[in-house]
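There are 2 protein chains.
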Amino acid sequence: MNFDILKTVVKRNETSKIVLLVMDGLGGLPEPAAGSKTSLEAARTPNLDALAARSLCGLHQPVAPGITPGSGPAHLGLFGYDPLTYQVGRGVLSALGIDFDLQPGDVAARGNFATVDGTGRVKDRRAGRILTEKGAELCALLREQVTLSGAQFFIQPVKEYRFLFVLRGDGLHAKINETDPLEVGERPLKAKAQSPAAEETAALVRSFVEQTAAVLADREPANMVLLRGFSQLPRWPSMQEVFGLKAVAIAMYPMYRGVAKLVGMEALPASQSVGEEFERLAQCWAEYDFFFVHIKRTDSAGEDGDFDRKVAVIEEVDTFVPRILELKPDVLVVTGDHSTPARMRSHSWHPVPVLLWSDVCRPDRVTQFGERACLARGLGVRFPVSDLMPLALAHAGRLEKFGA
Amino acid sequence: MNFDILKTVVKRNETSKIVLLVMDGLGGLPEPAAGSKTSLEAARTPNLDALAARSLCGLHQPVAPGITPGSGPAHLGLFGYDPLTYQVGRGVLSALGIDFDLQPGDVAARGNFATVDGTGRVKDRRAGRILTEKGAELCALLREQVTLSGAQFFIQPVKEYRFLFVLRGDGLHAKINETDPLEVGERPLKAKAQSPAAEETAALVRSFVEQTAAVLADREPANMVLLRGFSQLPRWPSMQEVFGLKAVAIAMYPMYRGVAKLVGMEALPASQSVGEEFERLAQCWAEYDFFFVHIKRTDSAGEDGDFDRKVAVIEEVDTFVPRILELKPDVLVVTGDHSTPARMRSHSWHPVPVLLWSDVCRPDRVTQFGERACLARGLGVRFPVSDLMPLALAHAGRLEKFGA
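Order-wise, the sequence lines are chains A and B.
Our numbering puts the first residue of the first sequence at 47, with every later residue one more than the last.
Our numbering puts the first residue of the second sequence at 47, with every later residue one more than the last.
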């Protein structure tokens, strides 16, 4: 969806309210042991089914055909931002994922602790997958022993061998090549500026890497660092600017609050349970126009290959649907950001069921919320996910007529 | 599908295998005499029907809504190359169609023998559709009597009044206007360079046309030649580069091997029967990742208006489906490049049935492989054909996650 046309039709004084309920990794594959049903098809979801019967349903295609999205692109699409146009660097995504307070102008990179041999060639890009505690200890060591002049730096553990590296200062620039050679047997690459404006930043990175190599020299397997995805916070139009919506994110995990903040949403503090998320929703109802509620555990269950747990999470979420409807939203969209079939134990490219309810929607013939049921859809099959936001806005009475 | 995103996600070391089985002109129209069924619907296809029940089905739209594709664009779309972006000149297609060994740098044009009157105006653009033997005789005559300095030339009969004209030499350029005025009563146009780089080539073409006119002067009805579609072999990224696939084409006709070679496929020598094509497939199974198997006779039957023969060809192909599955492909796509309804005796714009089977596909509700059955599809109706390749790659486990 091109934002230009929206500018001419978005109403700026509407007070209608839209809820986007995202069950992460909602879509699945049929499980022979479950009567060839998917988790969503197998789940008892009386509330979602009743809602589907009054809704417009379909299957959205996140990103592009065959493309398995990461959490960043998948959510940007749901927020109406074409993920191929609005791309975020790995460094920024790492920062969002650990709730690091990245500032405009900061340069962030994703780091790996790695192993190099006596000749300086990479033996293991992941340093034998050292434990998270070990990674944290090494970050603390580098924080103490490395000094940079001209900029502040931050080094934060992420998980196992992964960490976040951030430079903060004036005039920093992210156009720097990755130092990770991506292949074992190669030497780490020197950080070089890919534009004149990035020369100073590249020098800072080189200084960091050299000092780090010295500090870690006798710390095999973690005797080197590799840096990827140098990036800065993007300057994108906010949901307020594009859609005229004051938007809020309610999510347990930092990554989702972080991606929401990239498009100008406010993010409530982390919730501890699904129930608490819906309490938060009720509490802040008067203050916002758009409510992004994120349920993480559907995806976690899928990634663990736990079909039944995914069913259970979906059934739990189903019980909260009446609570949402009691708030009297003008539009309620229920969907996932991508599929995470338990059988694959990973994100996948498969289209994702979606329902859009509103008092002015034209219901289709779908009477159950499920992958195959949604084939009898009014929204489409494999339709671009970024179509959802303008459709939600329209159903919320937030778009003017285009042309006379 | 934009190739840029694929670059970031295509796995280069995967060994999974994809088969694309194309029945040329597969789609049809209902025939009243056959109980209002299409050839595909009327054909007894137990193997394809069983496969459809375990597959993702749909109808693809070759090229664009309402557009009837030629063989070139139709196949490029199937290979994942948007046929509106990747266009091939008529001259090059003519060369591919007769297995002419066109070299990079050669300039090829499609030629017509034509009739001009005493004042030099075109009376018949096709020289009364002279017989193929006559066309061949005239080509031989021109080969003998025309001499060009500065470049080699080739003139090869194609069919009836049509021939292929090729210039070979250094620094040739194809930006030359067509000499065919396209209207009876007009004079043939002078070949002129449309860019300075093409001046020399245009001069060669003019010299060829002038000498030819002299040689043919008393040979009415074939007393002139008209040239169209000056073009050179395109330099496109190969399927290896774009998709990471070592690809092979198995086809009876030169045109299909030729188009396959344009995207970097290897082409096996011409097969003589459908059975031989599937033998070849089994023989070369270990050597490639992607197998394009082309069945020509569905299209020929459609073009001859022979509904029953088209049914018979489809039924023959159906018997080979188990042979393909025995090879254990990771993905099997069965479709056509376009429709060729027997009732129309020609290619048409109608969407084409397609099934995509894989162990990780999410089957839809289609239980029969046919035009109307595929409406209950998971792939979509009138979806862009170039979506197929990325979907096949995804199902073959050949694409990384996009973004974090």
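I should point out that these hints are in silico values taken from the structure, not numbers from a laboratory.
A couple of the hints might just be wrong.
Note that identical chains are pooled: a pair holds if it fits in a single copy or bridges any two copies.
BS3-like, lysine-lysine: derived pairs with alpha carbons at most 25 Å apart [as the list claims (entries may be wrong)]:
id : residue 1 : residue 2
1  : Lys238    : Lys83
2  : Lys342    : Lys292
3  : Lys221    : Lys53
4  : Lys236    : Lys53
5  : Lys374    : Lys180
6  : Lys53     : Lys342
7  : Lys57     : Lys169
8  : Lys307    : Lys238
9  : Lys238    : Lys53
10 : Lys180    : Lys238
11 : Lys63     : Lys236
12 : Lys63     : Lys342
13 : Lys374    : Lys221
14 : Lys83     : Lys180
15 : Lys63     : Lys83
Regarding Lys180 and Lys238, is the shortest C-alpha distance of 25 Å or less found within a copy, between copies, in both, or in neither? neither (29 Å within a copy, 67 Å between copies)
If the cut is 25 Å between Cα atoms, do Lys57 and Lys169 qualify within a copy, between copies, both or neither? between (58 Å within a copy, 21 Å between copies)
Regarding Lys221 and Lys53, is the shortest C-alpha distance of 25 Å or less found within a copy, between copies, in both, or in neither? between (32 Å within a copy, 20 Å between copies)
Between the shortest in-copy and the shortest cross-copy C-alpha distance, which are at most 25 Å for Lys238 and Lys53: within, between, both, or neither? between (40 Å within a copy, 22 Å between copies)
From the Cα coordinates, with 25 Å as the cut-off, is the pair Lys374 and Lys180 best called within, between, both, or neither? neither (50 Å within a copy, 45 Å between copies)
Up to 25 Å between alpha-carbons, please classify Lys63 paired with Lys342: within, between, both or neither. Classified as within; 23 Å inside a copy, 34 Å across copies.
Pop the pair Lys307 and Lys238 into one bin, within, between, both or neither, using alpha-carbon distances up to 25 Å. Answer is neither: 30 Å inside a copy and 39 Å across each miss the 25 Å cutoff.
Intra- versus inter-subunit Cα pairing at 25 Å for Lys63 with Lys236: Neither: 51 Å inside a chain and 38 Å across chains, both beyond 25 Å.
I want to check one pair: Lys374 and Lys221. Are their C-alpha atoms no more than 25 Å apart within a copy, between two copies, both, or neither? neither (47 Å within a copy, 46 Å between copies)
Status of Lys180 relative to Lys83 across identical chains (alpha carbons, at most 25 Å): Result: close neither inside a copy nor across copies, 42 Å intra and 65 Å inter.
When no copy is specified for Lys342 and Lys292, does a C-alpha distance of 25 Å or less occur within a copy, between copies, both, or neither? within (23 Å within a copy, 39 Å between copies)
Same-copy or cross-copy closeness of Lys63 to Lys83 [CA-CA at most 25 Å]: neither (34 Å within a copy, 27 Å between copies)
In this structure, the earlier hints numbered 1, 5, 6, 8, 10, 11, 13, 14 and 15 are contradicted, and the remaining ones agree with it.
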